[in-house]
Amino acid sequence: MTAASAPAAPWSAVLGSGRLLRLELRHNAMLWLLPVAFALFWYNGYREIMALPPMWNLRAMTLQNRLLFDLMIPATGAAAWMGSREGRRSITDLVAGTARPRWSRQLATWAATTAWAEIGCLACVAVVYLITARHASWGGPLWWPAVVSVAGVPALTAIGFAAGAWFPGRFVTPLVTVVVFFGLAYGTQAASGDHSYWQISPLTAGAFDIGAAPGVASFYPYLPDLSIAQVMFTAGLTVAILGALGIPVARMRWLAAAVTAAGLAAAGTAVALAGTGRLDPHGMIAIPALHDAASDQPVRYTPVCGRTPIPVCVHPAFATFLPAVTAAVGPELTEFAGLPGAPARISQVAVVYRQDPGNGITVSGGGPGAAAFVLPDEVPGRLGTTGAEFAAQLDEGLGLQLASDVILGGSNRAAASAPSQAELAVIAGSVRFPPSVEARDLAPVFGSLLPQPGSPAAQAARRFAALTPAARHAWLAGHLAALRAGRVSLAQLP
Amino acid sequence: MTADAVRLVRLHAVSRRLPVALVLLAVCAAGLRGLLYGHWDDYGALQLPLIFEAASAAIIAVTAGSPFGEPERATGRWLPYLRLGTAVTLTGLASGALAAAGTGMPLAGGFADIVRNVAGLTGIGLLCATVLGGPLAWTGPLAYLVAGVYGLYTDWHPPALSTPWIWPARPPHDVGGALCAAVVFAAGLTAITLRGARVPAGGDGPG
Chain A
1 MTAASAPAAP WSAVLGSGRL LRLELRHNAM LWLLPVAFAL FWYNGYREIM ALPPMWNLRA
61 MTLQNRLLFD LMIPATGAAA WMGSREGRRS ITDLVAGTAR PRWSRQLATW AATTAWAEIG
121 CLACVAVVYL ITARHASWGG PLWWPAVVSV AGVPALTAIG FAAGAWFPGR FVTPLVTVVV
181 FFGLAYGTQA ASGDHSYWQI SPLTAGAFDI GAAPGVASFY PYLPDLSIAQ VMFTAGLTVA
241 ILGALGIPVA RMRWLAAAVT AAGLAAAGTA VALAGTGRLD PHGMIAIPAL HDAASDQPVR
301 YTPVCGRTPI PVCVHPAFAT FLPAVTAAVG PELTEFAGLP GAPARISQVA VVYRQDPGNG
361 ITVSGGGPGA AAFVLPDEVP GRLGTTGAEF AAQLDEGLGL QLASDVILGG SNRAAASAPS
421 QAELAVIAGS VRFPPSVEAR DLAPVFGSLL PQPGSPAAQA ARRFAALTPA ARHAWLAGHL
481 AALRAGRVSL AQLP
Chain B
495 MTADAVRLVR LHAVSRRLPV ALVLLAVCAA GLRGLLYGHW DDYGALQLPL IFEAASAAII
555 AVTAGSPFGE PERATGRWLP YLRLGTAVTL TGLASGALAA AGTGMPLAGG FADIVRNVAG
615 LTGIGLLCAT VLGGPLAWTG PLAYLVAGVY GLYTDWHPPA LSTPWIWPAR PPHDVGGALC
675 AAVVFAAGLT AITLRGARVP AGGDGPG
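Just so you know, the protein sequences line up as chains A and B, in that order.
The numbering used here applies: residue 1 is where the first sequence begins, and numbers increase by one.
The numbering used here applies: residue 495 is where the second sequence begins, and numbers increase by one.
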C-alpha cells in the first residue's frame, strides 16, 4: 500500500472541517455586521437596561427581551447572505465537484456565521452582566435569560441561511430578514393569558403583562420552566431547518429527514409544553412537566433595615430603594413610632400575582396591617418611573396604611364602625401626599379613610398637617385613645 | 421620447431587476393591507406600517446595484439620470402603493407618515448602496427599522426620543422629522445619481 492510497487518519476529516470552518470565519458577512449589531444593541437594549435599577432579575429579563431583537436584523441578514452565496454567484455547479457534499459545506458556512453572531451575543451579555455585578446590591447572575438568547441566535441564522440557500437572489436577504423581524417581534400579539402557546417566543421573559418586574424572582428563585421550553424550541427549530437543508442530498436524504423530524418533534413538544404554563403567585410561568418543586421555596436573605423611629426593612435586592422609602414615609414613621397600634418594624414582603382573564394580571400583597408592605413594581428607572412617582405610590400605600392602622386601631376597628370626622382629619393631616398625587388618585379612599375635599374635616386636616411630625406625635400620644373613642371633635384638633 | 431612449430605459430597468422589485413592492402593499384587517394593540398598530415602509425602502435600495460594475460607467452620459429616475419612480410608487393599501383602513400616521418614512428610509438605503454596494444596501433601512420601532416604543415608555433624526417616532406632520427625512432622501438621491452603487472589489460583497 502506497502512501497515496493509505486511508486517511480519523482526525484528518476533523482537521479538514476545522480548516473549512476557519476559511468561512475569515470570509463571513456576519463579521462585518457585528458593528451594526453592537450599535443596535447599544441604542435599543443597553441604554434601557442600564437605566433600570441594578437588580439581576430586571436586567437579565430585559436583556432576554432586547438582545435577540437587536441581533435579529444583522444575524438573519448575514446568514441569508451567506446562504445565498453559491446561488448568487452562480457557482453551484462549480463547487458541486468538490470533495465535500453540499450539506457539509453549507453547515460549515452556517456554523461560521452563527459563531460570529454568538460572539456578538455573548459580548453583549458579558457587558450587561459585568456592569450589573458591580452595581447589584444582592444576588447573582440569572443565567437562563442569557441561555435563551444564546440559543435563539442559531435559530435566527438557520432560518436566514436556509432562505438564502433555497431562494438565492438579491431581494431574498432583506425580505427574509423583514419576515423574521415581523414574526419574532409581533409573534406574541395573539398571546392571551398564561396558557398561550405564543409565550414560546424567545423574546418572552415571563408572563406577558408582567415581564421584567422587581417582584419577580427576588423573593423566590427564577423559574427556568419557560426558559427550558424556549431553548428546546429554538434548538429543535435549528436542527429541523439544518436537517431540511440536507434532504436534497441524495446520499444523505434519510439521515437529513430523520434529523428534520427529530427537530420538528422537539420544537412541537416545546410549543405544547408552553401551552400548559400557568402563572405562579410569584410572577413566573410554571410548566408542570418541567417544574421542580424545590424552586417554590423562598430564597433565604437577610433584610436591610433603615435607621428610622420605626425601622423599615427591605429585601437586600431592593436596598437601593431604602433611602427613597424612608424619605417618602419618614414623617409618618416619626409621628407614629411608639404609639399604640404602631408596628415595631415594617418589613417588605413578596408581591402576589394572579392571572385574570385575557392578559390581565392582579398584583396584591402585604398584610392586614402596616407591619408588612410591598414595594410597588414601578420602581424608579423602570418604564420611565420617576422618584416622585415612586414616593407618591408609597404614600398612597404604606403611608396611608400606617396612618389608618394607628389612628383607627387596626383593621378590625375599621371594619366594625365608620371612622369619625376627626379621625379622618388626623389621617389626612398625617400622610404627606406629594404634589404629583392628584385628587383622582385618592378618590377611591375618600369617605373611607380620607375626608371629602372641602369639608370641615379637610380644613382640620390642613391645620393638623401644618404641625411638625414631632408635634403631631406629642398630641397623638396624649389624645389617641380619646380620638379612637370618638371623644375628640374637629374643633379640638390642634 | 425616441425608440432608443425607451429601449435604454427598458434595458436599465431590467438590469436593475425593476420588474421583480415592482412585484415585491406590490406584495408589501398587499401584505400591509392584509395585516391591517387584524387586531393590533397600540404598539402593533403604530409600528406595523414602518415594517412595510422599511421593506419597500430595502427593495428600492437593492435595485441600485449594477450587475455590470465599472464598464457600465463608460457607456454614456445618461446613466446618472437613469439612476435618479429609477430611485424617484420607485420611491413614489412604493409610497403610493402603501398609501393605497391603507385606504379605508386604520392606518396609523396616514399618507404623510408613509411619504416621510419611505423617503427617509430610501435615502438611507441609497447612501448604503453607494458605500456598501447594492446587494448589501438593505442593511441601512433594516437597521434603521429597529431604531424606528424603538423610537415608537418610547412614545409610551418615557423618556421619549425627541431627536427628529428618528423621524418615525415623530408625529406625521412634524416639521423637524420631515426635514430630516427629506435631507437624508436628498443626500441619498444625490449620492446614487452622481456616484452610483459601489461595486465591491471582490465581487458582490463580503462572504
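There's no promise every hint is true.
[As the list claims (entries may be wrong)] Pairwise CB distance ranges, derived in the manner of DEER restraints: (1) A:Val95 x B:Glu566: 27 to 33 Å; (2) A:Gly358 x B:Ala606: 49 to 55 Å; (3) B:Gly579 x A:Val363: 55 to 61 Å; (4) B:Trp650 x A:Val363: 16 to 22 Å.
By construction, these hints were calculated from the structure, which means they are not laboratory data.
No residue lacks a Cβ here, since even glycine has one placed at the ideal position from N, Cα and C.
Taking the hints in turn, this is what the structure says about them:
1. A beta carbon spacing of about 28 Å between valine 95 (chain A) and glutamate 566 (chain B) agrees with the range 27 to 33 Å that was offered as a hint.
2. Between glycine 358 (chain A) and alanine 606 (chain B) the Cβ separation comes to about 34 Å, which falls outside the hinted range of 49 to 55 Å.
3. In this structure, glycine 579 (chain B) and valine 363 (chain A) meet the distance hint of 55 to 61 Å, their C-beta atoms being roughly 59 Å apart.
4. One distance hint, 16 to 22 Å for the beta-carbon pair tryptophan 650 (chain B) and valine 363 (chain A), holds here, with the actual separation near 19 Å.
The structure fails to meet hint 2 from the earlier list, while all remaining hints are met.
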